[in-house]
Amino acid sequence: MARDYILHKVRTALGRSAGQAPEEVPPARIAIPEIDFESRVRTFFSRIEELAGKTYRAESPEDARDYVARVTGGRSAVASNAPILAECGITGLAGVRYGFHGEPELREACSTAEFGITGADYALADTGSLVMLSSADEARMVSLLPPVHIAIVGKVRLLTGLDELFTVLPDPASQTSSMVVITGPSRTADIEQFLIRGVHGPGEIHVVLI
Amino acid sequence: MPAFPLVQIEETLSNDYLQNAVYTSTGRLIVKRKDLVSGAVLPEYQELRDQANRIKRHTIENLDYYLEQLESKVVERGGKVLWCRDGGEVVDFLVKLAAEKNTNLIVKSKSMVTEEFGMNERLAQHGLEPVETDLGEFIIQLAHEKPYHIVLPALHMTRYQVADLFTEKLGVEREEVIEKQTKIARAVLRQKFLHAGIGITGANFLVAESGAAVMATNEGNGRFTSTAPKVHVVIAGIEKLVPRAKDLATFLKLLARSATGQPLTVYTSFLSGPRRPNEIDGPEEFYLVLLDNGRTKLLADREKRQSLYCIRCGSCLNHCPVYRKIGGHNYPWVYSGPIGSIITPQYQGVMQSPWLPFASSLCGACAEVCPVKIEIPKLLLLLRSEVNKAKEKEHKNWLEHLIFRGWAWLMRHPKLFELGGMMGSAVLTAPESGGLIRNVLPFFRVGPLKAWIKERDLPPLPEKSFRQLWRERERTEKH
Chain A
1 MARDYILHKV RTALGRSAGQ APEEVPPARI AIPEIDFESR VRTFFSRIEE
51 LAGKTYRAES PEDARDYVAR VTGGRSAVAS NAPILAECGI TGLAGVRYGF
101 HGEPELREAC STAEFGITGA DYALADTGSL VMLSSADEAR MVSLLPPVHI
151 AIVGKVRLLT GLDELFTVLP DPASQTSSMV VITGPSRTAD IEQFLIRGVH
201 GPGEIHVVLI
Chain B
1001 MPAFPLVQIE ETLSNDYLQN AVYTSTGRLI VKRKDLVSGA VLPEYQELRD
1051 QANRIKRHTI ENLDYYLEQL ESKVVERGGK VLWCRDGGEV VDFLVKLAAE
1101 KNTNLIVKSK SMVTEEFGMN ERLAQHGLEP VETDLGEFII QLAHEKPYHI
1151 VLPALHMTRY QVADLFTEKL GVEREEVIEK QTKIARAVLR QKFLHAGIGI
1201 TGANFLVAES GAAVMATNEG NGRFTSTAPK VHVVIAGIEK LVPRAKDLAT
1251 FLKLLARSAT GQPLTVYTSF LSGPRRPNEI DGPEEFYLVL LDNGRTKLLA
1301 DREKRQSLYC IRCGSCLNHC PVYRKIGGHN YPWVYSGPIG SIITPQYQGV
1351 MQSPWLPFAS SLCGACAEVC PVKIEIPKLL LLLRSEVNKA KEKEHKNWLE
1401 HLIFRGWAWL MRHPKLFELG GMMGSAVLTA PESGGLIRNV LPFFRVGPLK
1451 AWIKERDLPP LPEKSFRQLW RERERTEKH
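Chains A and B are the protein sequences, given in the same order. According to the working numbering, numbering within the first sequence proceeds without interruption in unit steps and concludes at 210. According to the working numbering, numbering within the second sequence proceeds without interruption in unit steps and concludes at 1479.
Derived from the structure by calculation, the hints contain no laboratory data. From the three backbone atoms N, C-alpha and C, an ideal C-beta is built for every residue, glycine too. Check before you lean on any hint, since a few could be wrong.
Where chain B lies over chain A, by a calculated footprint (3+ residues, C-beta under 8 Å) [claimed, not checked]: (1) 27-38; (2) 104-111; (3) 146-152; (4) 187-196.
Could you put together the complete structure from these sequences and hints?
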């Protein structure tokens, strides 16, 4: 059997035997910097903007809703089931479809919508990233299929960076089958190293921090 | 034994477009990386490299433990694990899976490991349609070529070649604008994504403790491949492990910086098992294929097993003066550049391409930029000595052997050695030499020395040898 064959070869090469405990694993290197909230926001926004993403700091849920209304202008959009979107009143905007719980309908809606609107489980200041965990609230396709992605992020979710993320969430697999860290719009430079945004994922990204 | 690909290399060297493309593309990556690892931006860069090296060493040296941990975690998350000794076993599995799922169409995101055994061609022989979805790989697949660079597979092609290719293979109107070419690929591939029954991805890392595969892409094709089809298959080499998710805080900071000069790639996916009961979308089945394909051979040697630390960032290619001249298609296997020069001989046997470890100036740039600190020059030297030992065994280097035997004999006979020197000096100090040996000795201008002597020369011998000067000095001191 291939499994036993490979494990046997590995053990022979390493001089180990089956069931032998591993040596002590070196400690993980985690360093979380102390950065006050305002500087975190500044870094977060400037990182996103460097990647040609759009940012908006909303004063209130209504303010966030109005920003989204200005961006979508009533055109077709799919909203995820994230509670923050209903709280802001975004699900009530013209053109927004929401409340998908079955895959075929969601796939159909996301294939034709111009905007995908989601929340975010976390945001990372030092790289300008959104962290999305797949769940009943957040389907994967909403932030993937439409050409424009709008994410509404509550300010308590803004972390300093990867080190803090893996401290808050030491094992993402315990919560979800899919975590994705999104840093800017989809891009490629595969032809003559010429930068193009929006290949398979959204070419435009808006991050609204409440 | 395939010969040194002299003709192909000369073609590359005289191809102005290619020389310029390779030089500028790698040059751009060098600059972008340098900015992002500088002390001002990432003061902990060297610490991160040390840590990455430490973690990789630990994982590789306890690999059997972590493989079993990974397997049990994937199963716990509802996934299935398949162990394969070689590419043939992977192909057999996929053919069976496709038949079971009643699908021919397979979407695939970029993976070097599947290039190792020419997976796409072999699946096509079984009537399946595997489609590469990374733009560069899509182009390469249409052109039936192999990747020119680990992270920039189509680096050698122009927009005009892409235009020809798209017109010929996709039947679209000729389009030379890169942005529009990308849109064409997007539209074609979007349909493939939505209709494929199986999605195949590689993995940048496998997290043992989580039973997860981690994948970094920029275009979103990796995300699509692992989201839309009902079945997701991850194919990864057994060396890709790290113990914990927390270790990614180290490796992710190094990977994209070293590869493309980005702090992080656009999408970093952390995938474990099929969709959970509460989740709305994602694959219904999840397979992890753990492939050996020669990796266990690399494990046996204490020094050389560090080749398995590689995270395939391609930084050593970008910084290699040899790669930057000869490009990616003159290496004998799918892995090019310095990393290719150390792993190819270990996978295929040193005598398969004995010249390969010698195709390096040993300048050390590769080791300096390697994010996991693989001692590439040291391994090149080890492999060189293995090549020489193997040649001695095969008695294939009779000429070199003879020359060195003769030289050793001469060195043991000082009188004869001196006589030879005096004769040489008498000829070579002749006035017509003009300070160059080739002007006096016409046989230097033919045969194997011709190319060498065309660009350089040996300094002429001095009038008096060291031994003569030494004797004269002893004489004067005595007086």
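Hint-by-hint comparison with the structure:
Given a C-beta distance limit of less than 8 Å, the hint that chain B covers the region 27-38 of chain A holds, as 4 residues qualify and 3 suffice. Restraint check on the region 104-111 of chain A versus chain B: 3 residues with Cβ-Cβ distances below 8 Å, three needed, restraint holds. Here's how the region 146-152 of chain A fares: 0 of its residues keep a CB closer than 8 Å to some CB of chain B, so the rule of at least three is not met and the hint is violated. With 9 residues having a Cβ less than 8 Å from any Cβ of chain B, the region 187-196 of chain A passes the three-residue criterion, so the hint holds.
Violated hint for the displayed structure: number 3, the only one.
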